[in-house]
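J.: Protein chains in written order, with our numbering: chain F, 1 to 92; chain L, 1001 to 1153.
Careful, some of the hints might be misleading.
Per label pair, the in silico range of CB-to-CB distance [as the list claims (entries may be wrong)]:
no.: 1; chain 1: L; residue 1: Gly1063; chain 2: F; residue 2: Ala22; range: 22 to 30 angstroms
no.: 2; chain 1: F; residue 1: Arg18; chain 2: L; residue 2: Ser1149; range: 47 to 55 angstroms
no.: 3; chain 1: L; residue 1: Arg1134; chain 2: F; residue 2: Ile41; range: 51 to 59 angstroms
no.: 4; chain 1: F; residue 1: Ser29; chain 2: L; residue 2: Gly1135; range: 42 to 50 angstroms
In short, the hints are calculated from the structure, not lab data.
The beta-carbon is built from N, C-alpha and C at its ideal position, and this holds for glycine as well.
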Amino acid sequence: MTRKLVAIGNSRGIILSRSMLAEAGLERSSEVDVTVDEGRIVIEPRVPSDPIAALRAKLEGVEASVLEAVIDAASKKARVTTLRSLRRRRAR
Amino acid sequence: MPGRRRAVLDTQIVVRGLARVRPTSAAVRVFERALDGRLTGVTSGALLAEVSHVLRIARSLTGWTDDEIRAAVREVGKRLIVVPGHVRDLRQIVPEDAADNPLFEAALAADAEFVVTEDRAVLGCKRVELSGYRGIEVVTPQTLLKVLSSDSS
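Okay, chain L solo, but in the shape it has when bound:
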């Protein structure tokens, strides 16, 4: 059985998980697994800034205060691995269509094998081959849950 899987969680997954919008959804289940340590969740400064940004936009609907948002994002930072997310010479390592994506920067910095996202444009990358590094699989939360479930069976 492989060691604990390591995956970069896209912003939508983290925010959906934080809000627990639909508790049984794959995104929420992936986030919960990262929180309880069954999955090594990875994020970066840039991705956490996005999470804050999204939570702040949702404030008018939810009534969340800045303090609550800050505390929750800080908590996510404690429970996931936070990488600097800035990789030098990224363009020489990552294919052109993925080069500007903070998800791949974080995956590379954390040596993560998965990027989990619901963003169709990112999912279109499927697998990113990196010269000198192991490849990164781009998967939906559903696919990642299947991988985790087959690991544990």
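Bound conformation, chain F alone:
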């Protein structure tokens, strides 16, 4: 696929199609690592070195009891969705 660089201020950018982003597991505000490797520009999804620690780091200031209540309610809701999909799959 050929793309033309476009001017963005003093820099240049490239338009990536939605399907291309989806295929790479990226979305609108995803962070990426960009490197130059022997004349090639490589764009990769940024993977935190410890993704679990990254989640936990954002929880400072979140009230534990509120988060627990959200987790409990959401787990029940998610289970209902799973059961529906399992039943549909078995019925096929």
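Please arrange chain L on chain F, whose structure you already have, making use of the hints.
T.: What follows is chain L alone, placed relative to chain F:
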């Protein structure tokens, strides 16, 4: 002493563990043991999808991004055993009240001896006898920790 215990972790346990809401709680301690390998934690595609779903619902409170959630769930998948979670003819093996539960599907697929959960409805099953397979004990995180601690003493 028995070999390393193998347990299916219910969604709530994984999410509580990921969020480490109360670090000393039994659910978080079970999850940590599965992460560091003292317990063989089992999950399935269906259960990981539930975990993602729950984490996404909690986003408005936590500020987690989709990328962060995806990366964390992928990490859980690396540290636990992920089974396909689809067992043919499950209804012929599992009692009727447990037949539609993704936890038992995963336990069966992974030959796990425990399902660890805080869901009262699932805990009501206590022990699921399976024709042609070993039974599955349904336990709370507290009970599983006792089992693990008696194994190591």
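J.: If you check each hint against the structure, which ones fail?
T.: Going through the list in order, the structure violates no hint and respects every one.
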